[in-house]
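If you want the building blocks of each chain, they are given just below.
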Amino acid sequence: MSQLDKDIISMRDLSKDQVTGILERARYMDERLKARDPPRSLAGRMIASLFFEPSTRTRLSFETAAKCMGGMVTGFSSPKGTSVEKGETLSDTVRTVEQYADAIVMRHPFEGAARLASEAVSIPVVNGGDGSNQHPTQTLLDLYTIWKHKGTFDLKVALVGDLKHARTTRSLAYALGMFGADIALVAPKGLEMSTEVVDEVRQQWGTNITHAHDPATSLGDVDAAYVVRIQKERFADPLELKRLQRSYRITKDTLASLKSDAIIMHPLPRVDEVETSVDQSDHAVYFDQAYNGVPVRMAVLEMLINGGDA
Amino acid sequence: MSQLDKDIISMRDLSKDQVTGILERARYMDERLKARDPPRSLAGRMIASLFFEPSTRTRLSFETAAKCMGGMVTGFSSPKGTSVEKGETLSDTVRTVEQYADAIVMRHPFEGAARLASEAVSIPVVNGGDGSNQHPTQTLLDLYTIWKHKGTFDLKVALVGDLKHARTTRSLAYALGMFGADIALVAPKGLEMSTEVVDEVRQQWGTNITHAHDPATSLGDVDAAYVVRIQKERFADPLELKRLQRSYRITKDTLASLKSDAIIMHPLPRVDEVETSVDQSDHAVYFDQAYNGVPVRMAVLEMLINGGDA
Amino acid sequence: MSQLDKDIISMRDLSKDQVTGILERARYMDERLKARDPPRSLAGRMIASLFFEPSTRTRLSFETAAKCMGGMVTGFSSPKGTSVEKGETLSDTVRTVEQYADAIVMRHPFEGAARLASEAVSIPVVNGGDGSNQHPTQTLLDLYTIWKHKGTFDLKVALVGDLKHARTTRSLAYALGMFGADIALVAPKGLEMSTEVVDEVRQQWGTNITHAHDPATSLGDVDAAYVVRIQKERFADPLELKRLQRSYRITKDTLASLKSDAIIMHPLPRVDEVETSVDQSDHAVYFDQAYNGVPVRMAVLEMLINGGDA
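Residue numbers (this note's numbering), protein chains in the order written: chain E, 1 to 310; chain Y, 1 to 310; chain B, 1 to 310.
Simulated from the structure, these hints should not be mistaken for laboratory data. All figures in this text were calculated on a predicted structure; none of them were measured in a lab. Hints should not be assumed to be uniformly reliable.
Quick list of in silico lysine-lysine cross-link-like pairs, BS3-like style, CA-CA up to 25 Å [claimed, not checked]: (1) Lys86/B with Lys242/Y; (2) Lys252/B with Lys67/Y; (3) Lys34/E with Lys6/Y; (4) Lys16/Y with Lys6/Y; (5) Lys6/B with Lys16/B; (6) Lys6/B with Lys34/Y; (7) Lys259/B with Lys150/B; (8) Lys16/E with Lys189/E; (9) Lys86/E with Lys232/B; (10) Lys86/E with Lys242/B; (11) Lys164/B with Lys86/E; (12) Lys232/B with Lys252/B; (13) Lys259/E with Lys156/E.
Given the sequences, and given the hints that come with them, work out the whole structure.
This is the structure in structure tokens:
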């Protein structure tokens, strides 16, 4: 297997070998966490957690991952009062932080910010989300969740909801293609995944991709359904919004139409795309998906900082 | 002695045996802290510190308690930018955090929030204050402070100030009743403790409770005086407010009227209810009271997380 | 060598022996950091990091210093929601924090705040900046940077830019005088260092201090140039500002006029006082200067908390 590069900025930078290495290391971390015996491989290492845009979920799971392995964490959870507000460039900020830290985890509202930071410093940078662009560890944990529950990628995975705007689904489609899964895109008219993304995945991986518009009739043969929000900001007509939100909501009735071992995923936070009555079902794995952020980020941090083979 | 339940949400959930267990474990923690040798019983455990409402004092002492015992801490100190602002329910937030953490310490502006959270997750939840409702570890540290300084609860304890609005005094009255102390309520007319609370304590514990309105003549026979603020928001008439604040202020003159071994307590922060000239006196124990938050919260966290007997 | 006093509030409280002790201990810490083996001399100690005014750079390097030595850190990065907002005095806040902590690092917007805090508590207080007044660990790291790169203080050091308003340069001039360096003050007309400061340094240390107004002709014989910002708020005339900023900007052309082993320092953040093209030059040491904040603050924290000889 091949080593990771210096940074993780985008899924598109990672080879299939590298992703496989991360998934396997994540499984190892998962087992060690379950045994309450995570490796102490970041002892004495300092991770800078720079959140130029708040994100509790991502920040907490990165910090938990680092601390579990004996690492130390410093940084900020919002840019209020940082030297950025005094007119410092992002390059200078990360080059200063580089003096104290062994790796940087960074979220930033602007596309390309993580790449820019990675080029300014010689320590590893992990992109924890740059605007509506990339959030590779989210995709890695999504992928790990599927693999953990299904044991294979010889699957059909549905992406369900507003596929035009949801960053996570574009990146996940690419990653599923990489591992040979079939993809069913289930989106309202006008909110389909962009043709560029679909064509790229097809051309690069030869992926079998189908389109549908009605969740009620499209999920019967899928092994996993990945649900994202339909945001009200996207609609002028409130009645049309309401109709769509109702038909795209995962309910107990939806469960009855699924394969018995199909899983339902969601990147969280949800509003009402998945009814809480679904939470108790064996199909629902979204809280485990949130948990998987920890072993996946442990794997990524350890491999980047300690340079282990991927 | 009996074990604790899963959570600590309200003093009213705790039996006398359970409270006794906490006080005794707090005394042990206090000794270990003084010897600079706290037990490492939270090594490898992650405590989520979720402050949906800022509170430096409570947050710092909980985090210190956890870290002293080798625990790790993650979380947030204000809800700005958390997924709550994106419309996530409290249940979903804590169920997500549950994936990373071994226990949750939580402060929230709404009554009942901690109870709701405790029902959503299977890990322990400690209520660090839910609106004007409950703040049980404050009451436990108040109780511990009295026991530490007096060695018994065979005492007369005065609660002094605005007893109508001060959350801490309602809960402390209940706890003092549980341990058989006599209570003197010293409040301005119109700011007396509510009849419901007084009746409940009397009926449940048969507590001897007296009422008075003038601190100058009411503190001569008490073993402890617990002072709280009279808030200016409660008064339309500034002259009446000024008169009351003056008569309820603890000064060097007040000290002269006290028993020689009486203690003065205050939950802090104070504004001017206790003159700073009183700080040097042996009567003043309020900074030690603040310190006691650490051993008491160590006891609570350890007992909840490690399930030790109470 | 002499021990440190309880606190570090101002450079003017430190004797030459004490400063020498700090510099030597910082060099030791620097070596241990480079060897990835910092001493664990703060194990079990809690450092309170109280930032009543945000400052990422200072806060991160103090927290890194503490954690590297095994210390724990608690505190806040902005005063939002702290008990200060509820009307608590600074004295009461630090006396409460003293109950949990072994030392306080504090930044505050008001002059004299750190001194006031140090008098209220018996644990060490380190001033991390009090308004436009003192920031002694910045001066110590500046001094350490010069000594690390030049090996001596038998030097000529230029202070360049707005010397009237820059806090760091006043304190550094004093410290350079203490160690026998010659000083060249290079400031625009109207932004010279105040006569009081210059006279004080001359009288106390007999320092050789020269004045100049044009960086292009004044830096040829200096061993170190310490550059600070010219802030636009100080000028009514935008053309005059532009002219000055251009002539005070350090560029590749400036480098050509320097001694081959001269160093360029900057407290950071910079806006455009030093062109980024200069960063790659061997003259540029400002990012190493930022790094030096860690070993210097390690030295200070260890010496204050563990009472080691200076």
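Hints violated by the structure (numbers, ascending): Violated hints: 2, 8; rest satisfied.
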